[in-house]
Amino acid sequence: MRRIAIAGGASLLCGLAVPGSAQAPAQPEIYDWLVMNVCVDAKGNITRSTPLQCPLSQQRDLRPDEAVPYAHADFPDAGKTSGCAKLGISRRYGYPLKQGGKDEADTQYRLVVGWTDYPPLKQPCGFGRFDARDMATIVAVGPKGASLVGAHHHGQWFLTLGAQAAQKGRRGTARFMDSWAFPAQIPPPGRGDWSNFTRKTLKSDTSAFSAQSLQADINARQLRPTLQLWKHIRFQYGSAARPSATLDTLLHIPFTSATEGGPGAARGSEHIYLTRELGYVTRWENWARDDAPRDVLGLAKRAYGSGNCSPPGAIEGTVAPNLRMGAVIDDKGAGVYKQQVTGKTAIDRTETHIWYMIGCHDFTNVQSTSPLIPENLVGEDIFGAAFMAQFR
Numbered sequence: 079m080r081r082i083a084i085a086g087g088a089s090l091l092c093g094l095a096v097p098g099s100a101q102a103p104a105q106p107e108i109y110d111w112l113v114m115n116v117c118v119d120a121k122g123n124i125t126r127s128t129p130l131q132c133p134l135s136q137q138r139d140l141r142p143d144e145a146v147p148y149a150h151a152d153f154p155d156a157g158k159t160s161g162c163a164k165l166g167i168s169r170r171y172g173y174p175l176k177q178g179g180k181d182e183a184d185t186q187y188r189l190v191v192g193w194t195d196y197p198p199l200k201q202p203c204g205f206g207r208f209d210a211r212d213m214a215t216i217v218a219v220g221p222k223g224a225s226l227v228g229a230h231h232h233g234q235w236f237l238t239l240g241a242q243a244a245q246k247g248r249r250g251t252a253r254f255m256d257s258w259a260f261p262a263q264i265p266p267p268g269r270g271d272w273s274n275f276t277r278k279t280l281k282s283d284t285s286a287f288s289a290q291s292l293q294a295d296i297n298a299r300q301l302r303p304t305l306q307l308w309k310h311i312r313f314q315y316g317s318a319a320r321p322s323a324t325l326d327t328l329l330h331i332p333f334t335s336a337t338e339g340g341p342g343a344a345r346g347s348e349h350i351y352l353t354r355e356l357g358y359v360t361r362w363e364n365w366a367r368d369d370a371p372r373d374v375l376g377l378a379k380r381a382y383g384s385g386n387c388s389p390p391g392a393i394e395g396t397v398a399p400n401l402r403m404g405a406v407i408d409d410k411g412a413g414v415y416k417q418q419v420t421g422k423t424a425i426d427r428t429e430t431h432i433w434y435m436i437g438c439h440d441f442t443n444v445q446s447t448s449p450l451i452p453e454n455l456v457g458e459d460i461f462g463a464a465f466m467a468q469f470r
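In this text, residue positions in the sequence shown follow this note's numbering: the first is 79, and each later residue adds one.
To be clear, the hints were calculated from the coordinates, so they are not data collected in a lab. Where is the CB? At the ideal position from N, CA and C, for every residue including glycine. Some hints could be false.
[Claimed, not checked] The calculated BS3-like cross-link candidates involving lysine-lysine, where the alpha carbons are at most 25 Å apart (straight line), are:
1) K281 to K180
2) K410 to K158
3) K180 to K121
4) K379 to K164
5) K379 to K158
6) K222 to K176
7) K200 to K222
8) K246 to K200
9) K180 to K246
10) K200 to K158
11) K164 to K222
12) K222 to K246
13) K200 to K164
14) K121 to K158
15) K410 to K379
16) K278 to K180
[Claimed, not checked] For each label pair, taking beta carbons as the anchor points, the in silico distance ranges come out as:
17) T284 to L455: 47 to 53 Å
18) H231 to Q300: 22 to 28 Å
19) Q293 to Q234: 16 to 22 Å
20) P399 to G161: 50 to 56 Å
21) I407 to D459: 42 to 48 Å
22) A294 to D143: 33 to 39 Å
23) K164 to G383: 15 to 21 Å
24) P449 to K164: 20 to 26 Å
25) G247 to A463: 23 to 29 Å
26) G247 to D369: 40 to 46 Å
Generate coordinates for the entire structure from the input sequences, incorporating the hints supplied.
See the structure below:
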């Protein structure tokens, strides 16, 4: 794994006990940026305030079995400001499961669920239960960092293999680490980093991944290289017409391929924003290269015109040996957000392309709600016992 610093306060994290371990170590700092916060009083009891209302010094991570008294949603499209539509398109929750993961060496991992709660199409106010439109992702946090390890949505289950998957004797969560990865520690403000990781996603129509069939898939599949960037930025959240908050943010940009410190042949990328206040995720963007096989310009105009996101953040400059990213441009004339990217797309070829933001959900539309315990609604039973057994 090769890294350089990207030019341009770390928070203190109290250790949380890992179920089943005699003495759990303090969690890496990234844990605090994945789990949503709650506001607390002087005795540590949860109050009705939201993390955008109380100081960070009066906040802590949500714990398993605790009820959260708010939801953080995205912003509705311009003009949809009445009735249930004003609640947003979807809501996000980032919370730890009671039961963690482990590997063959009994290394402990916290498992954090990122639940995207969409209401049923015919019930626009029907938030608060896992249904066919919802998505649930599992992020594992270990001593050396965090990785997106699995997901369940739209009737399918996904496992993301990392570099350790094919190593002889590896068991449990370790096989899925270093795939879609986040650093253990957050860089200082204005600084960033990059790394190459290998990954492969397995998809199934059932949660019953058997040990034998999974190992056969691991042995048969080629892991693909990826290039991933991250930077600690200060970012203004909200919609175009309704700024919400300016927060310290870890901006993470993964490219689905890599060539010698360049983005390879990747034509699409997700931009993921993490904050201590709202966790995984606080904002999500979809970007596409100008020659991607879709109506890139049309989608970019639609995303811009929706008005449900403030201008995007950026990682700029020579951010890897063969990758240079320009400033993000708010092109009001064309009605798009765009960025020029020059990078190695093959061993013998460097190309310059314009990338466009073609989708965005800013989840800082924070609303007080009736308290709910997220794990009671989307817990291990939603993923299935056989699926969860892969992490232990």
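Consistency of the hints with the structure:
1. K281 to K180: Distance ~22 Å between K281 and K180 Cα, so the pair holds.
2. K410 to K158: Roughly 22 Å between the alpha carbons, so the hint for K410 and K158 holds.
3. K180 to K121: violated (33 Å)
4. K379 to K164: holds (22 Å)
5. K379 to K158: With a Cα-Cα distance of about 18 Å, the restraint between K379 and K158 holds, given a limit of 25 Å.
6. K222 to K176: holds (21 Å)
7. K200 to K222: Violated, at about 44 Å.
8. K246 to K200: violated (50 Å)
9. K180 to K246: Cα-Cα ~17 Å, so holds.
10. K200 to K158: Between K200 and K158 the Cα gap is close to 16 Å, so the pair holds against 25 Å.
11. K164 to K222: Answer violated: K164 to K222 is near 40 Å, above 25 Å.
12. K222 to K246: holds (20 Å)
13. K200 to K164: At roughly 16 Å apart (the allowed maximum being 25 Å), K164 and K200 satisfy the hint.
14. K121 to K158: Violated - the C-alpha atoms of K158 and K121 are around 41 Å apart, more than 25 Å.
15. K410 to K379: holds (10 Å)
16. K278 to K180: holds (20 Å)
17. T284 to L455: 47 to 53 Å: violated (22 Å)
18. H231 to Q300: 22 to 28 Å: Between H231 and Q300, where Cβ atoms are some 25 Å apart, the hint holds.
19. Q293 to Q234: 16 to 22 Å: holds (20 Å)
20. P399 to G161: 50 to 56 Å: Given a distance of about 52 Å, which is inside 50 to 56 Å, the answer is holds.
21. I407 to D459: 42 to 48 Å: Check passed, 47 Å falls within 42 to 48 Å.
22. A294 to D143: 33 to 39 Å: With Cβ atoms ~38 Å apart, the hint holds.
23. K164 to G383: 15 to 21 Å: holds (18 Å)
24. P449 to K164: 20 to 26 Å: holds (21 Å)
25. G247 to A463: 23 to 29 Å: holds (24 Å)
26. G247 to D369: 40 to 46 Å: holds (43 Å)
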